[in-house]
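> Start from the sequences and build out the full structure, keeping to the hints where you can.
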Amino acid sequence: MMRFTRSKIIGFATVAAAALAVSTLPAQAAVNETQGVTATQITLGISQPTNGPASYGYNKVAPAMDAYFKYVNANGGVNGRKIKLIIKNDGYKVTDAVNKTVELVSRDKVFALVGSLGTANNIAVSNSPAIDLAGQKIPSLFVNTGFSGFAKKSDFPTMFPLFPSYYMETKILGGYIKDNFAGKKVGIIYQDDDFGDDALAGLKQAGVTIAPGASISYASFSQSVATATTWVTKLKTAGAEVVIFYGVTSAAAFALRVAAGAAYKPQWIIDSVGGDATTLGLLGVTPAVLDGAITTSFLPAATDSADPYVKLFKTINTKYNVAGTVWDNNVLTGMNTAMMTVAALKAAGKNLTRSGVIKAIETQGKTFPSASLAQPQFSTTSHVGYNGFWIGTYDSTATLKPEGGKYKIYTTDSASGDVKVSTWKRPAMPAKGLPK
Amino acid sequence: MHNHRAKRLIGFILLGFVLFLIGNRVDDLRLYQGASVAMYVIGIASIVLLTGFSGQISLGNGAIMALGGFSATLAQSTWGLPLPLTFVVAVLGAALFGLILGVAAARLSGPYLAGATLALAVALPSLANQFSFLGGEQGLQFNSGSAPEFFNGEVSQYKWFFWISALAALLITWLISNILQSRYGRGWRAVRSNSTAAELVGIHSARSKVLAFTLASGIAGLAGAVLALNLGGVSPSAYPLSLSFALITGAVLAGISTLSGSVIGALLLVGMSELVGSLTSRFSLEDVLAENLKELLVSVLLILAVVFTPNGPGDRIRERKELHKKKK
Chain B
243 MMRFTRSKII
253 GFATVAAAAL
263 AVSTLPAQAA
273 VNETQGVTAT
283 QITLGISQPT
293 NGPASYGYNK
303 VAPAMDAYFK
313 YVNANGGVNG
323 RKIKLIIKND
333 GYKVTDAVNK
343 TVELVSRDKV
353 FALVGSLGTA
363 NNIAVSNSPA
373 IDLAGQKIPS
383 LFVNTGFSGF
393 AKKSDFPTMF
403 PLFPSYYMET
413 KILGGYIKDN
423 FAGKKVGIIY
433 QDDDFGDDAL
443 AGLKQAGVTI
453 APGASISYAS
463 FSQSVATATT
473 WVTKLKTAGA
483 EVVIFYGVTS
493 AAAFALRVAA
503 GAAYKPQWII
513 DSVGGDATTL
523 GLLGVTPAVL
533 DGAITTSFLP
543 AATDSADPYV
553 KLFKTINTKY
563 NVAGTVWDNN
573 VLTGMNTAMM
583 TVAALKAAGK
593 NLTRSGVIKA
603 IETQGKTFPS
613 ASLAQPQFST
623 TSHVGYNGFW
633 IGTYDSTATL
643 KPEGGKYKIY
653 TTDSASGDVK
663 VSTWKRPAMP
673 AKGLPK
Chain X
362 MHNHRAKRLI
372 GFILLGFVLF
382 LIGNRVDDLR
392 LYQGASVAMY
402 VIGIASIVLL
412 TGFSGQISLG
422 NGAIMALGGF
432 SATLAQSTWG
442 LPLPLTFVVA
452 VLGAALFGLI
462 LGVAAARLSG
472 PYLAGATLAL
482 AVALPSLANQ
492 FSFLGGEQGL
502 QFNSGSAPEF
512 FNGEVSQYKW
522 FFWISALAAL
532 LITWLISNIL
542 QSRYGRGWRA
552 VRSNSTAAEL
562 VGIHSARSKV
572 LAFTLASGIA
582 GLAGAVLALN
592 LGGVSPSAYP
602 LSLSFALITG
612 AVLAGISTLS
622 GSVIGALLLV
632 GMSELVGSLT
642 SRFSLEDVLA
652 ENLKELLVSV
662 LLILAVVFTP
672 NGPGDRIRER
682 KELHKKKK
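In the order they appear, the protein sequences are chains B and X.
Each residue of the first sequence is one higher than the one before, counting from 243 in the numbering used here.
Each residue of the second sequence is one higher than the one before, counting from 362 in the numbering used here.
Note that these hints are calculated values from the structure, not bench results.
Just so it is clear, CB atoms sit at the ideal spot from N, CA and C, and this is done for glycine as well.
Please note that the accuracy of each hint is not assured.
A few chain X positions that, by computed beta-carbon distances, are all more than 12 angstroms from chain B [said to hold, decoys possible]:
1) 467
2) 551
3) 686
Part of the chain X face toward chain B, derived, beta carbon under 10 angstroms [claimed, not checked]:
4) 565
5) 588
6) 639
Next up, the structure:
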């Protein structure tokens with residue numbers, strides 16, 4: 243009996259091996275330069291958190307992008323094609339970001355990724371052999387993260403960051419702290435990954451010393467009242483008078499609220515990605531608590547109704563965005579990213595290819611119209627986007643006021659370069675806010 | 362008995378052949394999902410062995426998987442080992458850790474063991490952040506390689522992953538099913554049911570538990586290495602606390618005491634978002650609602666499973682079969 247079954251096994255093994263040899267296997271997909279492009283449509287995809295603890299505020303970015311695309315579609319589209327944006331929720335989780343991007347690329351057949359959110363997530367997506375971003379030449383346009391590493395063309399050949407890097411931001415803020423808060427004890431709370439590390443490196447470059455015991459790192463997702471209480475206790479004990487916050491908005495809200503509850507009132511300096519007043523307000527940070535906090539931005543203030551971009555985007559928000567979306571800095575950021583995307587797709591011409599878009603940004607990206615008060619820096623050798631910020635202070639109505647009453651843009655790089663005051667003037671907005 | 366084993370082996374080979382045929386007929390996304398299913402099958406099988414058979418609860422399987430993933434990655438980057446050997450290192454590394462943990466765990470039971478392993482799941486990933494050779498939050502890259510030149514570039518990356526993951530899942534479930542039928546497996550069930558009675562018939566209850574813990578950890582380590590392969594890297598955030606919970610959910614949904622249940626559990630874990638996706642498009646629900654719908658459905662299923670089939674649908678099927686046999 244045993245012998246019989248053994249020969250049976252060998253039989254099966256032979257069949258399996260033969261099948262393996264003769265079976266006609268589909269060839270490995272070659273680089274598909276025009277995937278997602280038809281005569282009438284361009285399909286784009288974004289993976290970002292639309293729910294979960296890290297999503298507050300950021301979940302408005304993708305719908306805002308979609309609203310701007312709808313506005314463009316209603317005005318003739320991009321070289322005759324309409325843009326379709328597919329939004330996937332990754333909950334700010336690394337594995338989900340990879341899984342959702344696999345879906346976008348292999349099932350939804352997107353032409354490019356646009357505005358993918360998160361430092362660790364974008365690193366994982368770019369590492370994924372299944373997605374094969376670089377090999378398939380899939381453009382990952384204007385990612386929603388300020389990690390300076392993404393600008394390295396050699397490491398991320400198809401990726402284009404847009405935001406000025408966290409490194410630039412803290413370097414500029416570091417200079418500001420030294421000028422305005424000399425001799426005060428400085429503390430920092432930062433997300434413990436490349437996001438926070440980038441910020442620490444910039445501060446170090448600026449020569450800011452953190453007071454002993456006042457450097458607090460927290461793991462992504464660990465933000466809660468309990469953890470914020472330990473942050474505040476540590477900072478109080480260390481006697482920090484100026485506290486830099488470097489993390490997502492939901493974590494910033496915990497820090498601000500718990501500190502206010504404990505009657506601890508340092509000079510708060512909040513990073514540009516975590517300092518949106520509307521989102522903080524929704525998370526329970528009252529204008530009184532936010533009063534006096536410093537933050538930075540590269541876009542005009544969302545409350546600056548005199549700015550032509552803000553004015554236009556606000557009307558697009560009312561007409562094309564999900565009904566009831568409250569206008570804020572996240573909506574502004576999303577629409578600005580969408581506008582840069584449209585500029586890139588238009589510049590790549592009628593015969594749209596993946597390589598064509600990458601080339602268009604590298605050669606013409608510097609002149610793409612956008613709301614930013616700092617100039618894009620794209621070139622054939624570097625993928626650095628905007629390179630500067632203005633610094634502002636929240637007043638008692640949670641309105642962000644630029645220091646000295648008008649936007650003063652500080653520019654720098656993500657290395658040892660000096661911080662300078664920019665003389666660049668933003669060109670006038672193209673007619674109807676549609677890139678040419 | 363031998364006959365039974367040979368039959369089982371043939372079954373597994375047949376299953377492998379069917380999977381191979383399926384792999385040639387589905388698209389890239391399905392292949393990728395198939396690889397994820399295989400990864401979950403291994404992870405859940407580890408829980409079936411540990412909880413279903415040996416009666417020990419672990420909420421820290423995700424952390425053990427991380428250990429496997431990091432072991433495989435380090436083995437590759439430091440020693441330049443080929444892929445199959447990195448998997449072996451992952452199993453051995455995780456098993457060694459499981460042995461140490463198992464010795465401690467043998468003294469704990471019920472909620473105390475659950476608590477201790479939960480602490481592990483919380484602490485281990487953050488601990489990995491503290492050592493620069495583990496790559497911090499960004500983690501390390503794992504070179505997944507591509508299909509050997511023998512295939513003339515005709516096997517896509519997705520298919521390559523599916524093959525490796527499915528093969529690993531088949532091998533390990535075949536091994537486990539053999540172990541469960543051996544005297545060790547019977548020993549575990551005896552200890553789980555009544556440890557005093559088991560001791561009386563000569564089973565060393567503590568030793569039996571430690572063995573189960575070690576083996577289950579080794580298997581979880583393999584699941585971790587398969588995840589590293591599919592992601593092309595390891596990082597603490599790839600093995601979050603939610604992974605440990607997902608595995609338990611999968612195990613409970615499909616029947617914690619049947620090995621075949623691990624396949625149902627894995628399919629549910631991977632297929633749920635697919636199901637929710639199609640529901641969303643059919644009834645044009647908002648994306649935000651759709652994402653919460655997934656968690657809601659999983660929770661409802663979990664409650665239903667606990668109420669109606671505490672041992673899972675797999676167990677129900679087995680019971681029915683046995684009843685049928687008796688009737689004959």
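> Hints first: check each against the structure and report whether it holds.
Do the hints match the structure? See the list:
no. : hint : result
1   : 467  : holds, 31 angstroms
2   : 551  : holds, 29 angstroms
3   : 686  : holds, 21 angstroms
4   : 565  : violated, 32 angstroms
5   : 588  : holds, 8 angstroms
6   : 639  : violated, 12 angstroms
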